[in-house]
Each structure stands twice: as C-alpha cells, then as structure tokens.
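*Asks:* Sequence:
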Amino acid sequence: MEHQNTVASTQQVRFVQVKMALLDFKVWLWTAIDFCANAATQVNGMFGPSIIESHGYSPQTAQALTALTNFMAFSGMASIAYTARILRGSSTAIALSNILTICGFLLVLCSSNPSVHILALFVFSFASPQPAAHGPAWQMCNLQGNTKPAMAAAMASAFGGLGPLATAFVYRDEDRPQYTRGHL
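In terms of the numbering used here, the numbers along the sequence shown are unbroken and rise by one, the last being 208.
Hints are supplied without guarantee of correctness; some may be wrong.
[As the list claims (entries may be wrong)] Capping the alpha-carbon separation at 20 Å, the derived lysine to any residue pairs in SDA-like fashion look like this:
{"id": "1", "residue 1": "Lys50", "residue 2": "Gln168"}
{"id": "2", "residue 1": "Lys50", "residue 2": "Cys165"}
{"id": "3", "residue 1": "Lys50", "residue 2": "Ala192"}
{"id": "4", "residue 1": "Lys50", "residue 2": "Thr116"}
{"id": "5", "residue 1": "Lys43", "residue 2": "Leu53"}
{"id": "6", "residue 1": "Lys43", "residue 2": "Thr171"}
{"id": "7", "residue 1": "Lys50", "residue 2": "Gly187"}
{"id": "8", "residue 1": "Lys43", "residue 2": "Ala178"}
{"id": "9", "residue 1": "Lys43", "residue 2": "Ala56"}
{"id": "10", "residue 1": "Lys50", "residue 2": "Val140"}
{"id": "11", "residue 1": "Lys50", "residue 2": "Met164"}
{"id": "12", "residue 1": "Lys43", "residue 2": "Asn166"}
{"id": "13", "residue 1": "Lys43", "residue 2": "Ala174"}
{"id": "14", "residue 1": "Lys43", "residue 2": "Cys165"}
{"id": "15", "residue 1": "Lys43", "residue 2": "Met164"}
{"id": "16", "residue 1": "Lys50", "residue 2": "Met101"}
{"id": "17", "residue 1": "Lys50", "residue 2": "Thr171"}
{"id": "18", "residue 1": "Lys43", "residue 2": "Ala119"}
{"id": "19", "residue 1": "Lys43", "residue 2": "Gly187"}
{"id": "20", "residue 1": "Lys50", "residue 2": "Ser115"}
{"id": "21", "residue 1": "Lys50", "residue 2": "Tyr106"}
{"id": "22", "residue 1": "Lys43", "residue 2": "Ala182"}
{"id": "23", "residue 1": "Lys50", "residue 2": "Ser139"}
These aren't lab readings, by the way, just hints derived from the structure by calculation.
Just so you know, these numbers come straight off a predicted model, no measurement behind them.
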C-alpha cells in the first residue's frame, strides 16, 4: 500500500518515475486503447440514428432503435465489473470486449444485409464502451510508485479523452461539410 500513496508519503513528484511513465510502452498502449475506446463510445450516439436510417427505417424508428443501442451500451458498461470477476481479471475482460468490438466491425464489413448491420451495431454498442471504464483505473492499480501511476492515468485520461473529439471530425460522404469558394 505504500506504493499507492495511501500510507506515508512525501508527496513529492519523482521525475525518474515521470520519465519511466513516458518511456513505458504499456502506458502508451493503454493510452491508445483508451483513445480508441472513448472514440468508439461516441459512435453509437453520434452516428447510430443515421446508420439505422440509412437501412431504410424512418427517422422515428431509427430514433427508437437508437434507444435500444443505448440500452446495450449501458448494459455493457454495467456488466464489465461482473465480466472481470468471472474472467478473473480486468485485462481479460477488456481483451474480450475488444474482440467483440472487432467482431461487430467485421460483421459490417463482411455482409451487405441490413439486418446484420443492425446486429453489428448492437454488438458494437454493447462491447465498445467497456474498455473506457477500465483504462485509467487499470494503470493506477497495476503500476508501482507514487508518480508513475498518476502520470499514466493522467496520460490515459488526457490523450484518451481526445477520442470523442476525433469522432466529431468523422463524416459520411453525404454529411461532410461543404466548402464553397468565395464563402466564409
């Protein structure tokens, strides 16, 4: 417990640990995972209605089905703690949810059936937010020292939090901003 600043500590920043955090590939890997997880969580909310509507559903039906995908996302977030307990580790649970997310993408890529695309959106909505819940917490619990876990969690939160910002600049071709010469 001394390594986690819970007993006695000088509360000093150790620059050796800052350097170790910046040079540790696992910290950067988890930061990248957190970036992708946070970006993926935004896909459902931002693009869910348009994805569903593009398969021939009315805007009202697309909005209603988006409520179901949001429920799937909530279920996925709520179940990650139980999944980690069953699989005896959050790393295994995060890997499983990443595999499910990849399966959702593969379903979309490998099929032209609209029903399969909707199923893939449900799978993706369930699995994609799960790693976002564990990113900074995993680093705080699995790195030693006073400064390195805090630095790693800060990197995961700061750079990982840019994932939703990145999704704000993703458009379908028909929804992209139109720039016309001579207009501001």
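*Asks:* Work down the list of hints and note, for each, if the structure agrees.
*Replies:* For each hint, the structure was consulted:
1. Lys50 - Gln168: holds (13 Å)
2. Lys50 - Cys165: holds (13 Å)
3. Lys50 - Ala192: This hinted pair is violated, its Cα atoms lying about 27 Å apart.
4. Lys50 - Thr116: Given that 20 Å is the threshold and the Cα spacing comes to 15 Å, the pair holds.
5. Lys43 - Leu53: At roughly 16 Å apart (the allowed maximum being 20 Å), Leu53 and Lys43 satisfy the hint.
6. Lys43 - Thr171: holds (10 Å)
7. Lys50 - Gly187: With a Cα-Cα distance of about 18 Å, the restraint between Lys50 and Gly187 holds, given a limit of 20 Å.
8. Lys43 - Ala178: holds (14 Å)
9. Lys43 - Ala56: Holds - the C-alpha atoms of Ala56 and Lys43 are around 18 Å apart, at most 20 Å.
10. Lys50 - Val140: violated (35 Å)
11. Lys50 - Met164: Holds, at about 12 Å.
12. Lys43 - Asn166: Between Lys43 and Asn166 the Cα gap is close to 17 Å, so the pair holds against 20 Å.
13. Lys43 - Ala174: holds (12 Å)
14. Lys43 - Cys165: holds (19 Å)
15. Lys43 - Met164: holds (16 Å)
16. Lys50 - Met101: violated (23 Å)
17. Lys50 - Thr171: Since the Cα atoms of Lys50 and Thr171 sit roughly 16 Å apart, the hinted pair holds (cutoff 20 Å).
18. Lys43 - Ala119: Measuring from Cα to Cα gives roughly 28 Å; hence the hint is violated.
19. Lys43 - Gly187: Outside the cut-off at roughly 24 Å; violated.
20. Lys50 - Ser115: holds (12 Å)
21. Lys50 - Tyr106: violated (25 Å)
22. Lys43 - Ala182: holds (17 Å)
23. Lys50 - Ser139: The given pair, whose Cα atoms are some 38 Å apart, is violated under the 20 Å limit.
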